[in-house]
Structure formats: C-alpha cells, structure tokens
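Listed here are the chains, written in short residue letters.
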Amino acid sequence: MKNVRLLPENKTALAVIIMGFAFLILFWWYPLIRTFILGFQLSGVGRLKESWIGLAHYRALFSSKVFGKVVLNTLYFAALIVPTQIVVGLAVSMMIDKIKSRVFQRLGLLSFYIPYILPIVAIGILWKFLYHPSRFGIFNFLLIEAGIKEPIRWLEDPQLALTSIGIMQIWQRVGYVILLYFAGLQTIPRIFYEAAEIDGANAWQRFRAITLPLLTPTTLFVAVTSTISAFMTFEAVYIMTLTAQAGRGGPINSTNVMLYYIYFNAFDNNRMGYASAAAIILFFMILGVTLLQFKFIRQKFEY
Amino acid sequence: MKEKYKIEMGKLVLGGVFFVILLCYVFPLYWMFSSSFKTAGEIIRIPPTWWPHLLSVEGYIKVWRPIWIRFFINSFIYAGGSVTIALFTSSLIGFVIVTYPSKIGTILSWAAICLIMIPFTILIIPLYLLIIKLHLLNSYLGMIAPRMVYPFGIFFMLLAMRNIPRDLIDAAKIDGCTPLGIYWRVALPLLKTSLAALATLEFVWRWNELLWPLIVASTEKLFPITVGLASLIDPYFIEFDKYLAACVIVVVPIVIMFLSLQKFFVKGITLTGMK
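Which chain is which? The protein sequence lines are A and B, in order.
For the first sequence, position 256 (counting from the first letter as 1) is numbered 257 according to the numbering used here, and the numbering increases by one without interruption.
For the second sequence, position 230 (counting from the first letter as 1) is numbered 231 according to the numbering used here, and the numbering increases by one without interruption.
Same shape as in the complex, but just chain B:
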C-alpha cells in the first residue's frame, strides 16, 4: 500500500516538474505577445508588469505600413515559388532515374547525393556573382533560381520512388502511357503524402530564411518578411513596443499555418529525420 502511494507521488512530482518546464519554455512567446500590447512606457517599467495593464495597440500603429502586405506577398512568392519548383524538379528527376534506369541517370543521382550534406549558404559568394552576371540581382527570379533544384529533394524522391510498387508503373508503361503521363497519373498521386510533408517543412525554412534574400533583394519592394523585419532595427533608437508588435505580426501567420498543417510537419520531420 505504502509502495503504491510512493509511486503515485513520484509520478505526480514528475508530472509537476514537466509542467513547470513546459511553462518556462513557452514563457518567452507569451512575453512577446503580452508586451506587444503594452504602451512604450509600460514596456520598460520596473518592475515589469506580468500582463498589459493598459491594453494598447500603439506599437502596432507605429510599425504598420502598407508595405508589410508586400513583404508577406514577397515571402509567399519566394518560399512558395522555390518549394514548388524544387519539389517538381526533384520528383521528376527521381522518377525518371528510377523508372528508366540508365548509366547517365545513375551518374546524375550520385552528382546529387554527393551534395546533400553541403549547406546551400556556403555557396552564396559565387551564386551572388552568378546572379549579377545573369542580370538577376534584385529580382524574384534571382532569389528563386538557385533554389530550383535541391539535392536533398532528389535523394529523398529516389528513396520514395523505390518504395512504389514496380508493377503499377510497368502496367502503365504497357498501356502505352507516356513518361510524363506516368509521372503525373501514377507516381505523383502515390508520392503525394511524402511530397506534402517535405513541402511544408521546406516552405517554413524558406519563409524564415534571411541571408540569401538579404543579399539578392536590395529594394524594399522585394523584401520578404524576414528582411523587412531585420531592416526595422535601428541601433540608435531602440523601440521595443514597435519591434515586438512587428514580431507578432510576423509570427502569427506562421503559427496559424503550422497549427492547420501540423500533421504534415510531424510527418515531414520524421521522414527527413529517419533517412
């Protein structure tokens, strides 16, 4: 009897500890949200107030400019464009290499696999010089172009394609379906879930990226949201009410997107992680 009580107590304590860890963990996000609704004076009050005593949208009014909508659209174009194109090219390449085996296809798969550990960012200097040479500096295409093919995506699609039953593709071949027809009608529907998972994950990474768009986009009209937010910081005149309001504006749409697509996220993480 006593033994059982001890175990129950232990569990309760462990549960309590876990709950406290969780609260501490999400606290910074609460702090961002609640502080963004404080007045400029309340935000720097000592001692700090645990919630806004005077609910104010001052920060939001100060920071909001119509160009923020443009920033969002730009992020959408950059992230959406590069993910759509990259996943389309990688899945097509993976499909062709597996379905129509050839020597040159094998070479291509190795040319991609050798690169999967190399971070894109390490190549930015020659890529920047290349983008200048192609006259694509400060354009959407310049931001998206180097993202059009994605070695990890090719590798991922090669693995996924090998799991598709051969018979399905052979049957389609015998029925006289063209390669693009097989890709579109047979392979893509079968790859749908893993593609969706990879796409969501990639989309968020591109959406959150700073360095590459920062280098390529030089006019405000082309800034994605991350560059827009970074350009706000003025070291001479720090206004936390303004900055935190901007952070909330940036963060809320991502959280909403995440919560509505979380199924794909978890799948994407486990798929890419268990390679």
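Here chain A stands alone, though its shape is the one from the complex:
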C-alpha cells in the first residue's frame, strides 16, 4: 500500500473537497434521488410516514386527462417559443451587426436586452394590461383601429391563452438570444465573407455557407437552454392566468403547464408523491430533448 504523507496543504484541500461533497450531496444529489423515491410513495406534509404505492402515481398521471393536456401544453409552448426565438434572434442580431456606428449598435443591443433582466412577475402584470380584452387594452385598441371587428380575448380564449403567454415570453427572452448570436457573429472572420463575395456568392448563399454553420455552437446552446426554460415556465402562468372563479392555469387548463401542475399538486394540494412523479416525467422530458437536440444538430451540420 502506498503511504501518502498528508501535508498540511493537502489537509486543507481535502477539507474543501469534503465540504464540496457535503453541499453537493445534501442539496443536489439527495433531492434528485429523493424525487425519484417520492414518485413511488404516498407523501405529504403532516403525514407521519411515507408509504410505498409502487407505480400508482404514474398510472394515475398517464390516465389523467388533465395531465395529458399539461404535457401537450408544455410541448406546444416549447415548440412555439424556441424556433421563433432562434429565427428572430438571429435575424435581429444580423441587423445589429450591420450597424456601422458602435454607439447605435450598443444602444440596439441594450434595448432588446432590457426585458430579459426584468422579473417576469412585473412583465406578466404589464402584459396582462396590454392584453386586456377591453378596448383600453392597447393591443385590442390598435387591432380594432386596424379593422378587426371583435376585440381579441388574448388570455380568456382557451384556444389562444397559451400562445399569448408564449408571445410575452418571446418578447422577454429574445434579447438574450440576440446577444448570444451577436457575440457569435463577432467571432466569424470577415475574410470568409470577402472570399465568398469574390467567388460570386450572393447574400443568401453566404448566409447558408458561412454564417449558419459557424454559428452552430450558439444555435445548439440557445436551443437547449431555451427549451429547458420553456419546459420550466411557471411565473408567467402564475401571474397572468389568475382569475377569481377558476384559480390559475385556465381557462379550462389551457395554460396549465408542467411546473405549474407540479407546484399546484405539491404545495396547494399537498400531494408530494404525485407531484414528484410528475417532476420525474419533466426531468426525463428535459433529458430527452437535450440529447435529441445535440444529436439532431450534429447530424444536420456535419461537414
């Protein structure tokens, strides 16, 4: 056996590493494993002991109509906001990149970025006002001026409510995407474009052959982080969908998304086990999409 002399400096290092393990296990690994375990248990605050019930929560989840809707809502929400953010973010960042004056460039970036740093609680209240179904809601006022007959019931129409929240989220988050793409664009050497221009490539060809492939790492990062944050939407639903008659997540569960469903079951209904099972499904959704996106983008852009 190798006898390692424990120097004082190694003692300090070991102490730091042990502290690291302690925190990481207590606040990350243990909760992660406990979530899995709770998914098989009947649990709630005030219960003396958890009892094992096997797959009952999962059976209940998969046969629940509401939960099916919740999953579809969450997927729809991500499918709506992630591609839009990527397309709009890339387009706007390329426009900003074209601006010659440094001052205006910075001003443009900052204006788009400001909503991202504001709390969704405040943004949600503001958009509830903008979306108001009456004509003092500025969107409806402008649309009626532009010629539509009936005011749009942005947050009250079950067909539209989740899309309305999506529009708000795109508005709030796209500045972040713009900034990431802008930073990515700065790393592309100008000489590539000049060479392509000499070869007679038009603007679209230059975009397809140079800009898009060289920005793949950024696109990948944006796609993964935006999808995860779309799956984790909570604040917007919590703030914007509250009504006196039906609580939140409505109308008729049209804005009920995974994290809100988990929150509602765990903390309003004290069904910790059931909510944990839903959290595990959310966990696998995040894992699946992350892996899928890595694979998809790698295949598509392999040269």
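Possibly wrong hints are sitting among the right ones.
Stated by the list, open to error - With a straight-line Cα cutoff of 30 angstroms, these simulated DSSO-like cross-link-like pairs (lysine-lysine) come out:
hint, chain 1, residue 1, chain 2, residue 2
1, A, Lys70, A, Lys296
2, B, Lys12, A, Lys101
3, B, Lys268, A, Lys99
4, A, Lys12, B, Lys193
5, B, Lys12, A, Lys99
6, B, Lys264, A, Lys99
7, B, Lys222, B, Lys63
8, A, Lys12, B, Lys268
9, B, Lys134, A, Lys50
10, B, Lys222, B, Lys134
11, B, Lys264, A, Lys12
12, B, Lys174, B, Lys104
13, B, Lys193, B, Lys268
14, B, Lys104, B, Lys134
15, A, Lys101, B, Lys63
16, B, Lys193, B, Lys104
17, A, Lys296, B, Lys268
18, B, Lys268, A, Lys101
19, B, Lys134, B, Lys193
As the list claims (entries may be wrong) - Just some of the chain B residues that point at chain A, by a computed CB distance under 7 angstroms:
hint, residue
20, Val27
21, Met33
22, Ile45
23, Tyr101
24, Leu124
25, Ile126
26, Pro127
27, Pro147
28, Leu223
29, Thr227
30, Ala231
31, Tyr244
32, Val251
33, Val253
As the list claims (entries may be wrong) - To give an idea of the interface, some chain B residues facing chain A are shown, with a C-beta separation under 10 angstroms as derived from the structure:
hint, residue
34, Met10
35, Lys12
36, Val14
37, Phe77
38, Val97
39, Ala112
40, Leu130
It is worth saying that the hints were derived from the structure and are not from the lab.
The C-beta atom is built at its ideal place from N, Cα and C for all residues, glycine as well.
Could you slot chain B onto chain A? The hints should help.
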C-alpha cells in the same frame, strides 16, 4: 450611379425597418411607465391616451407601504447572499480540484458536472421537505441554503482555473504560501473579471426568482420583491394604476443596476453562453 443610389435606398429602408422594430419592442416598457402616472380613470379610458394627460401619482400613493423597503432588503439578502456564497464555494472548489489534483477531486468535479443541465426548480419538492426537517422554513437561511453550492459555478470555475498559468500557482507554492493564501492572493485576483461577470448575471436571476422564495417564505416580513409584487394581485378587484406603479417601483432599481453594470452583463452572457 443609379446602382449606388439603389443600394443607399435599400440601406435606408432596412435602417428604417430596424428602427420601427426597435420602437415596437420597447413600447410595452414605455406603456408601463406612462400608464403608471395616469389616474385610475384615465388608465381605462377609451381611446387610450398616449401619455398621461393629468400627471398623477395616485397609483404610487395607493400601493406604497413601508414594507416595500423590507421587500427590497429581503431580495438583496436572498440574491446577494446566495450569489456571494455560491461563487465563493464554487471558486474554492474549482481552485482546489485544479491546483491539488487527486482522485477524489476528479470524482467531485464529475459529481458537479453531471448536474449542470438539471434545473434547480425541479428539485423543489424534496428540498422543501428537507428545509422543513431542518426547521428552516420561513427563514433567510432556508431560502439561501440550497443555493450555497452551484454545479454550473463549479464547472465554470474549473474551466476558468485551467486558463490560469500554472507557473504563477507553482511559484506561490514554492514560496510556501498556504492553499487558502494562494486562493486568496493569486487565484481570486486572476479570476476577478469572470467571477464579477457571473455574479452580476446570477444576482439578477436570483433577484427575479419567484418560485423558491414563494414556497419558503410564508410571512410578509420575509418576502422578496417578486413575492411581494405577486401577492398584490387581487383577482376580485383589479386596479391597474396600483399594479403598474408597483411594477415601476420594482423595475427601476434593476434597470439602474443593469445600466451601471452592463459591461459585466454582456461579458457574463458571452462567457456562460460560449461554454
């Protein structure tokens, strides 16, 4: 000649389009600000007024309570406390793993890296039960504790530490500097800019967070600003003048902070984004 004119026109149109997009984009924020200074009657007037015809601070007077100062202090404690501790622990752990390589250190780095894609929020149920068991419910420590270590921070610091020239640390080691001395005098000053960038970004995320403080803090005395603002909404009696004034109260300090620290923000975004 004609060709050049065409290009110039194209640029002008593109510039104009961009300017219009920008105006539409910031319009909601203008609308929040200007509407907050309207009277309750003017706010729901049809057609809407483009700016307050009768400048009024009615909304602000209705919404202001001394406890708002407490909300701000609480947000500061929650965001400041968790970011300071998290960045201190992550940088220390990253420093030790890179400077004193060992098997156990490698295991720790993997134990952290495996977690970077997992959102904290997905763990709230067992964390809540844990906080109850530790008797930390409804306390600052209960809000901050799970934030004390931060897997992405460890990962980030590992990368940053690898970029520090080895020689500097070896020289300090030979001079007989203790590990904590090297961390404090050599590593931290070199990591300063990337730490500051990450800290600003993290601070804003914690400041804007709703869910975790909402669960842990149950008395108004502990509410951070986001929970305070959310608790204001009364579905039975909606008063937009009051709400919008509250939004402005919440938003203005963040915007001021952002504008004074924007250098770090942009750096933080590009640093965390380009991993």
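Hints, verified against the model:
no., hint, in the structure
1, A/Lys70 to A/Lys296, "28 angstroms, holds"
2, B/Lys12 to A/Lys101, "11 angstroms, holds"
3, B/Lys268 to A/Lys99, "21 angstroms, holds"
4, A/Lys12 to B/Lys193, "26 angstroms, holds"
5, B/Lys12 to A/Lys99, "10 angstroms, holds"
6, B/Lys264 to A/Lys99, "21 angstroms, holds"
7, B/Lys222 to B/Lys63, "20 angstroms, holds"
8, A/Lys12 to B/Lys268, "36 angstroms, violated"
9, B/Lys134 to A/Lys50, "13 angstroms, holds"
10, B/Lys222 to B/Lys134, "22 angstroms, holds"
11, B/Lys264 to A/Lys12, "39 angstroms, violated"
12, B/Lys174 to B/Lys104, "20 angstroms, holds"
13, B/Lys193 to B/Lys268, "12 angstroms, holds"
14, B/Lys104 to B/Lys134, "33 angstroms, violated"
15, A/Lys101 to B/Lys63, "47 angstroms, violated"
16, B/Lys193 to B/Lys104, "28 angstroms, holds"
17, A/Lys296 to B/Lys268, "29 angstroms, holds"
18, B/Lys268 to A/Lys101, "21 angstroms, holds"
19, B/Lys134 to B/Lys193, "37 angstroms, violated"
20, Val27, "5 angstroms, holds"
21, Met33, "5 angstroms, holds"
22, Ile45, "5 angstroms, holds"
23, Tyr101, "4 angstroms, holds"
24, Leu124, "4 angstroms, holds"
25, Ile126, "5 angstroms, holds"
26, Pro127, "4 angstroms, holds"
27, Pro147, "4 angstroms, holds"
28, Leu223, "16 angstroms, violated"
29, Thr227, "5 angstroms, holds"
30, Ala231, "5 angstroms, holds"
31, Tyr244, "5 angstroms, holds"
32, Val251, "5 angstroms, holds"
33, Val253, "10 angstroms, violated"
34, Met10, "15 angstroms, violated"
35, Lys12, "9 angstroms, holds"
36, Val14, "12 angstroms, violated"
37, Phe77, "14 angstroms, violated"
38, Val97, "4 angstroms, holds"
39, Ala112, "6 angstroms, holds"
40, Leu130, "7 angstroms, holds"
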